[in-house]
Every structure is written in structure tokens, then in C-alpha cells.
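A.B. asks: Read off the chains here:
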Amino acid sequence: MRSSDHQSDQRSGRADSGQSDLDRRQRFGEMYATVYEPLQRYLRRRASIDDADEILDDVLLVIWQRLPALPAADCLPWCYGVARRALANRRRSNARRQGLLVRLASQPGQVPIDEVGLDDYPALASAFRHLPEPDREVLRLWAWEGLEPREIATVLGTSANAASLRLTKAKKKLTRLLDGQNPDDAGHKECEDTGEHQS
Amino acid sequence: MTEELRNSLKRLDPMQAAVSTESPTTESSRHRMERVMSTTTHLTTPPSGARAPKRWVPALATLVVAAVTVGVFTFGGRGADPVAVAGPPLELSLGDSSVLASCIVFDVAILRDMPMAFEGTVTAVDGARGTLTVDHWYKGGDAAEAVLTGESEDMVSLIGAFPLEVGSSYLVTATDGNVNFCGYSGPATPELRGYFEEAFGA
Numbered sequence: 001m002r003s004s005d006h007q008s009d010q011r012s013g014r015a016d017s018g019q020s021d022l023d024r025r026q027r028f029g030e031m032y033a034t035v036y037e038p039l040q041r042y043l044r045r046r047a048s049i050d051d052a053d054e055i056l057d058d059v060l061l062v063i064w065q066r067l068p069a070l071p072a073a074d075c076l077p078w079c080y081g082v083a084r085r086a087l088a089n090r091r092r093s094n095a096r097r098q099g100l101l102v103r104l105a106s107q108p109g110q111v112p113i114d115e116v117g118l119d120d121y122p123a124l125a126s127a128f129r130h131l132p133e134p135d136r137e138v139l140r141l142w143a144w145e146g147l148e149p150r151e152i153a154t155v156l157g158t159s160a161n162a163a164s165l166r167l168t169k170a171k172k173k174l175t176r177l178l179d180g181q182n183p184d185d186a187g188h189k190e191c192e193d194t195g196e197h198q199s
Numbered sequence: 001m002t003e004e005l006r007n008s009l010k011r012l013d014p015m016q017a018a019v020s021t022e023s024p025t026t027e028s029s030r031h032r033m034e035r036v037m038s039t040t041t042h043l044t045t046p047p048s049g050a051r052a053p054k055r056w057v058p059a060l061a062t063l064v065v066a067a068v069t070v071g072v073f074t075f076g077g078r079g080a081d082p083v084a085v086a087g088p089p090l091e092l093s094l095g096d097s098s099v100l101a102s103c104i105v106f107d108v109a110i111l112r113d114m115p116m117a118f119e120g121t122v123t124a125v126d127g128a129r130g131t132l133t134v135d136h137w138y139k140g141g142d143a144a145e146a147v148l149t150g151e152s153e154d155m156v157s158l159i160g161a162f163p164l165e166v167g168s169s170y171l172v173t174a175t176d177g178n179v180n181f182c183g184y185s186g187p188a189t190p191e192l193r194g195y196f197e198e199a200f201g202a
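Protein chains in written order, with the numbering used here: chain A, 1 to 199; chain B, 1 to 202.
These are calculated hints, taken from the structure and not from any lab test.
Backbone N, C-alpha and C fix where the C-beta goes; we use that ideal spot for every residue, glycine too.
Heads up, some of the hints might be wrong.
Stated by the list, open to error - Quick look at which bits of chain B chain A covers, simulated, 3 or more residues with Cβ under 8 Å:
id	segment
1	30-37
2	170-182
To be verified - Restraint ranges, calculated between C-beta atoms of paired labels, are given here:
id	chain 1	residue 1	chain 2	residue 2	range
3	B	THR121	A	GLN26	21 to 31 Å
4	B	THR133	A	PRO68	31 to 41 Å
5	A	GLN181	B	ASP142	36 to 46 Å
As the list claims (entries may be wrong) - Simulated coverage check for chain A against chain B, where a stretch passes if three residues somewhere in it have a Cβ under 8 Å from a Cβ of chain B:
id	segment
6	34-42
7	121-134
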């Protein structure tokens, strides 16, 4: 290769790299504008304000690092999935440090997360609290984040069918609890419907 | 009925519309965005929290070099059932600490070629044996449990300079029954998990 060609290629390479960097920063800026507030809400629904803020830094960093691999569709559920895993890591870390499985929000003036609604909607809040955590989480994603089963599947890393089944089962359990019935009967009924055995 | 239930549950939302969040356009959030973007991203360096160990083992060097020079990993593969099933535990070796070997730099392309990858939670550390419950299989197996065995307690308490703690989660790759280090196994940080998902899919 001639020297002038080589220099030209180098300049071209630097230009491409600079453009790529600009494109990446621009894409992240657009992503940031889209997901920044939803992620704050997602995390503050599940962690203390301080923890949520720190976890948000971790999540944003993962998004920045994995930007080229980000799916074009369902990017917000994908980001929720990153937040979910970061949150799980924080909980494990907190549990190790403090001997607690989950540290609930406890800032002065902030109502602990699992006590929201107990005064105003005691039956609903109590029924919700009696559900197993996996059921509560799928219901939170559905009602609070406003996700549909396909998007919930992206967050949980499962299939759309599995997410849909989990959501249906959780709704049945909650309804039965609100009706004063045994929530586990919802699962048994579903097994009868599908012909599956429940372990 | 379904929408009614959904609306009812919204009443329990601690982040209802009246609760404010920080806008992405404020000065502090823009500063935060710039700070994130100023973070250097190189897939050729070990993920933070998964740094190259001070104590290197030959199994690692052998395996990683094999990944680079031969690139032949035939068992396992994408699309393997990620669900752990009951059965005999997977036995993996943490290698021999008596011989030093060097690491190659971390690269997702090399990670992708690892024949076996999973995430597990340590349930017990007993002398030279560490037991993990497999939470998720990325590739190459379906065992519900993995047992990591070293030659000494010192080896079991380390996965490439990481303490193996009961209750903690780890991302593990292995080849031919040997755990790979040098950033290819380690505590399940979001960053390392991100690399695993990039390499193997979620």
C-alpha cells in the first residue's frame, strides 16, 4: 500500500470512529431521555431512595456499555430487566451486610413500600402483601409499569407464554384472596385446566 | 374485570403520578449522563469485579489459549435449555494452584466460545468443596447443582481472587470440567452478567 493511501485510510478510520462515537452518544442521549424517569420510578417502587439512585447509576452504565446490543423494540422492558438484576444484586449485598433479605424504603417521611395503601385500601393491600413475591412482581410490572405480557417476558427473561401464564395465575390468586378464599386453589384450578401437575 | 383489577393495584403504587422524579433535562441529570458516557468501555478488559486473579491457574491458560488458537468447542451451544433440572450435580475443578500461568485479555468473543456457562448461588462452602445451586443455564448444561472442587480450602475460597461466599451469586464458565478465570468467571455483577447475555443471550 502506498504511503498516501495508508495516511488516507488512517484519516478515514479516525473519521469513522469519531462519527461512530457521535452516533453512540446521540443514541444514548435519546435512550436516556426515554428511560430515565421510568427507571427512577421502577427502582423507587422497589428500593429505598438512596439505593434506587445508586442502582440507577449501575443500570445506566450497563445501558451505555451495551448500547450496540440494545434491542430496537422493547428497549424499556429490556432496561427494566437490567434494573431488576441490579436490584437483585443490591438486595443480596444488603442481605450480606445487614442480615436482611430485603431492605425496604425507610427514609424519614417516606412510607415503607409494602405499607402503601394499607390505610386507604386495607383489603387490597393486605391481599397483595399475602401473595408470594414472584406473583407480586409480575402484578407490579403489569399494573405499575403498565407492561403487557410480552414486555413482562422481556423483563423477566422468559417466554411471552410463560409470562402470560404467570400473570393470569397471579391475578387469580389475588382475586381469590380478595374474595376471602385460599389463593392456592387458583393454582390447582389452573393445573386442572392445563392438565399439568403442580410441583 | 381485568382492567378493574389493574386500576385497583395502581392505588398501591408508591410512585403514583403525584410523586415527582428527576427530569432527564435538569442540569444534574445531564451531568449524570455525561459522567456515564465518559466511562471508558472496552470489551478487551476484564469487567470490574471480575478482574484478573493474582493467583492464576494452568487450567485457565490452557482453556483460554485453546479458545483463541483452536476455537473448537463442540459441546453445548446456544439454545440449550436454560432450565436447571434435577440430576447429579455438575462436578467442576478449580484447577491446580501450584503452577502459574498468564491470562489473556477479556473479550466477549472468547467468552462466547466457552462451552459451558451458568449463573449459580453458593449454598455451601465446605473445606475444598463449594456447592452452587444453578439459577440459570446460559449454555452447555442443565444440572440443578454444581460442585466446585479445589485442591485446598484456599482454592475453593477463591474464584480467581474472588471470595466464594454462601448466599452470593456467581457467573461461571467452564471447559472440560475446569472453571475458567481471568474475568471469565466471577461474582454476578450487572456488568459481567451483561457480557454473559451479550455472549450467550439472556
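A.B. asks: Evaluate each hint against the coordinates.
C.D. replies: Quick rundown of the hints versus the structure:
1. 30-37: Contact hint for the segment 30-37 of chain B vs chain A: holds, 4 residues under 8 Å.
2. 170-182: It is violated, with 0 qualifying residues against the three required.
3. B:THR121 with A:GLN26: 21 to 31 Å: violated, 39 Å
4. B:THR133 with A:PRO68: 31 to 41 Å: holds, 33 Å
5. A:GLN181 with B:ASP142: 36 to 46 Å: Holds, at about 37 Å.
6. 34-42: holds (count 4)
7. 121-134: holds (count 4)
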